[in-house]
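Visitor: Fit chain B to the supplied structure of chain A, relying on the hints for placement.
Chain by chain, the residues run as shown.
There are 2 protein chains.
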Amino acid sequence: MSTNRQFKLKQRPVGMVKREDFEFVCGPVPEPGDGEFLVRNAYISLDPAMRGWMNEGKSYVPPVGIGEVMRAGAVGKIVRSNHPKFAVGEHVVGLFGVQDYAVSNGKGVTKIDPKLAPLPVYLGTLGMPGMTAYFGLLEVGKPKAGDTVVVSGAAGAVGQVVGQIAKIKGCRVVGIAGGAEKCRYVVDELGFDACIDYKNEDVRKALKQHCPQGVNVYFDNVGGDILDTVLTQLAMRARIVICGAISQYNNTAPVKGPSNYLSLLVNRASMTGMVVFDWADRYGEAVREMGGWLAAGRLKTREDIAEGLENFPETLLRLFKGDNIGKLVLKV
Amino acid sequence: MSTNRQFKLKQRPVGMVKREDFEFVCGPVPEPGDGEFLVRNAYISLDPAMRGWMNEGKSYVPPVGIGEVMRAGAVGKIVRSNHPKFAVGEHVVGLFGVQDYAVSNGKGVTKIDPKLAPLPVYLGTLGMPGMTAYFGLLEVGKPKAGDTVVVSGAAGAVGQVVGQIAKIKGCRVVGIAGGAEKCRYVVDELGFDACIDYKNEDVRKALKQHCPQGVNVYFDNVGGDILDTVLTQLAMRARIVICGAISQYNNTAPVKGPSNYLSLLVNRASMTGMVVFDWADRYGEAVREMGGWLAAGRLKTREDIAEGLENFPETLLRLFKGDNIGKLVLKV
Numbered sequence: 001m002s003t004n005r006q007f008k009l010k011q012r013p014v015g016m017v018k019r020e021d022f023e024f025v026c027g028p029v030p031e032p033g034d035g036e037f038l039v040r041n042a043y044i045s046l047d048p049a050m051r052g053w054m055n056e057g058k059s060y061v062p063p064v065g066i067g068e069v070m071r072a073g074a075v076g077k078i079v080r081s082n083h084p085k086f087a088v089g090e091h092v093v094g095l096f097g098v099q100d101y102a103v104s105n106g107k108g109v110t111k112i113d114p115k116l117a118p119l120p121v122y123l124g125t126l127g128m129p130g131m132t133a134y135f136g137l138l139e140v141g142k143p144k145a146g147d148t149v150v151v152s153g154a155a156g157a158v159g160q161v162v163g164q165i166a167k168i169k170g171c172r173v174v175g176i177a178g179g180a181e182k183c184r185y186v187v188d189e190l191g192f193d194a195c196i197d198y199k200n201e202d203v204r205k206a207l208k209q210h211c212p213q214g215v216n217v218y219f220d221n222v223g224g225d226i227l228d229t230v231l232t233q234l235a236m237r238a239r240i241v242i243c244g245a246i247s248q249y250n251n252t253a254p255v256k257g258p259s260n261y262l263s264l265l266v267n268r269a270s271m272t273g274m275v276v277f278d279w280a281d282r283y284g285e286a287v288r289e290m291g292g293w294l295a296a297g298r299l300k301t302r303e304d305i306a307e308g309l310e311n312f313p314e315t316l317l318r319l320f321k322g323d324n325i326g327k328l329v330l331k332v
Numbered sequence: 001m002s003t004n005r006q007f008k009l010k011q012r013p014v015g016m017v018k019r020e021d022f023e024f025v026c027g028p029v030p031e032p033g034d035g036e037f038l039v040r041n042a043y044i045s046l047d048p049a050m051r052g053w054m055n056e057g058k059s060y061v062p063p064v065g066i067g068e069v070m071r072a073g074a075v076g077k078i079v080r081s082n083h084p085k086f087a088v089g090e091h092v093v094g095l096f097g098v099q100d101y102a103v104s105n106g107k108g109v110t111k112i113d114p115k116l117a118p119l120p121v122y123l124g125t126l127g128m129p130g131m132t133a134y135f136g137l138l139e140v141g142k143p144k145a146g147d148t149v150v151v152s153g154a155a156g157a158v159g160q161v162v163g164q165i166a167k168i169k170g171c172r173v174v175g176i177a178g179g180a181e182k183c184r185y186v187v188d189e190l191g192f193d194a195c196i197d198y199k200n201e202d203v204r205k206a207l208k209q210h211c212p213q214g215v216n217v218y219f220d221n222v223g224g225d226i227l228d229t230v231l232t233q234l235a236m237r238a239r240i241v242i243c244g245a246i247s248q249y250n251n252t253a254p255v256k257g258p259s260n261y262l263s264l265l266v267n268r269a270s271m272t273g274m275v276v277f278d279w280a281d282r283y284g285e286a287v288r289e290m291g292g293w294l295a296a297g298r299l300k301t302r303e304d305i306a307e308g309l310e311n312f313p314e315t316l317l318r319l320f321k322g323d324n325i326g327k328l329v330l331k332v
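Residue numbers (the UniProt record's numbering), protein chains in the order written: chain A, 1 to 332; chain B, 1 to 332.
In case anyone wonders, no lab produced these hints; they're calculated from the structure.
Mixed in with the good hints, there may be bad ones.
A pair holds if it fits inside one copy or across any two, identical chains being indistinguishable in the list.
With a Cα cut of at most 20 Å, we get these calculated SDA-like pairs of lysine to any residue [unchecked claim]:
id, residue 1, residue 2
1, Lys256, Asp225
2, Lys256, Thr232
3, Lys142, Arg237
4, Lys142, Asn260
5, Lys77, Trp279
6, Lys107, Asn82
This one's a predicted model, so the numbers in the text were calculated from it and none came from an experiment.
Here chain A stands alone, though its shape is the one from the complex (with noise of 0.2 Å):
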């Protein structure tokens, strides 16, 4: 415990992250001051809306500066405590950047039982991207028993939450997925009722398909192409969840508009955004509700965790060449 490893943004990336786009860098394990606490990392979070907080210009969130530790979310224990209200060898959850270390004055920061569930599922589940996947799908895609549900990114962390939701409330879930691996794991393993392979399948073909009804609502992780060719197939009065399109955050041309997006004209159909931190008063509510599914074996999740903080670029890059299952993770 005497350095402290520490991934800092170097430059703004141009097309896909790499490794030169961040500075790996050795300093001393910083003092939490009065009323702050030192956490240790144990995992840090894989997120697709990191590419989105290295540009320049302020999003949802301000962009993440130049020579500033990379902003991730992360699971670690107290390991000395200056605040009254968070005590050593507690659990907690928090955005702790992408470093061995952190001091925290317990802003945005969560308190979590490991006897409840393993640590990285903190991260995932019933962390960020269950929440969304909760929030998104159910306060703003508003599925009905007997629907048909549609979510790209199927086997990723948020996707996989949402088509199990989605089951759960009664309705036909269909996901989109890279590779016949993803595929099988979402209808084998977490019971849904057919799922699309984007890289072998004719995606509008198999829409027609499995969704013969048209699709009511579509949880969109991904916009470009997939996005594209759902619209072709709504039912009316659809609604669209846009939550993400990691498809388009590499980009070094324009972001793909939705060319058939006259289609929301003909079926009267919505398209919304979300972004989870809107929700935040009711994490409670959703761990709670999530958390008894798990224990039932409603709910089934999955975490794919890579090993040693010094891999944090090229896991990185995992996430955006879609190499993960489930919820990707950095053991650090």
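Guide: Relative to chain A, chain B alone:
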């Protein structure tokens, strides 16, 4: 009253519609059968949607078949009747087509009172465009007093009504239109707060200037670059009403998708398509309320009246060139 002039669809247009896409024929005036009546058209409606009806493939209504009379809304007078509920001398509005005379069984036909408003108004502000503006703005856009409402095609049949209703509801209203004369019309005569001349101004800069708090409701009649630009200026939780996309209807290239659609995510905004027919059972309510506004001078209406059935193709072209101010109709 011996011949019935008709424009029939001869071929499906490629790109901009042209006279050669129609056949102008003279036939006998048809005889109404039992339960039918004969209407003599007085004014024919020119609507952007007509371009879509000329294309192959089902949209929200089936296409006009090759060799069929071109579909069009029209207002006229009953000159013969074998229908118990429609009498000779009554004025009616319906989809009577681009011709002098039409036979109808009364389905989808509405009686109108020419003493309450001039006949062309029943094709505009008290007709489909007015209904579209009323329900699209109020039911889909859901403006609140104090909101900033932007409407494109501001000097058109729908846009002129959208902006005035938004003003009545206490909103700040910014139009987008092509040319100084249209902009002068909507600001000086209709009372919009501002109008952006997209042909001579930088729309993005002008939106920033006129909508310093961002756009709460955008009523889109045009699509294309203007939709994409408005997307960059949304306020949080903005609502975009997709009513039409006249800039795209004569494209030979694919429709331009809105490449800034991820602004929906950042701003938790929505984009919703509408088709006015869904509110058919509430038209009466809208006509009563708008009729009241017209009588009180709170709602103004303008019609652009071209003359001569034989000039139908050129008049339709004027619509797509954006030549008209107010509702474009053709006096038979």
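Visitor: Now tell me, hint by hint, if it's right for this structure.
Guide: Hint check results:
1. Lys256 / Asp225: both (8 Å within a copy, 14 Å between copies)
2. Lys256 / Thr232: both (16 Å within a copy, 15 Å between copies)
3. Lys142 / Arg237: both (11 Å within a copy, 17 Å between copies)
4. Lys142 / Asn260: neither (22 Å within a copy, 25 Å between copies)
5. Lys77 / Trp279: neither (26 Å within a copy, 58 Å between copies)
6. Lys107 / Asn82: within (14 Å within a copy, 79 Å between copies)
Hint violations for this structure: numbers 4, 5, all remaining hints satisfied.
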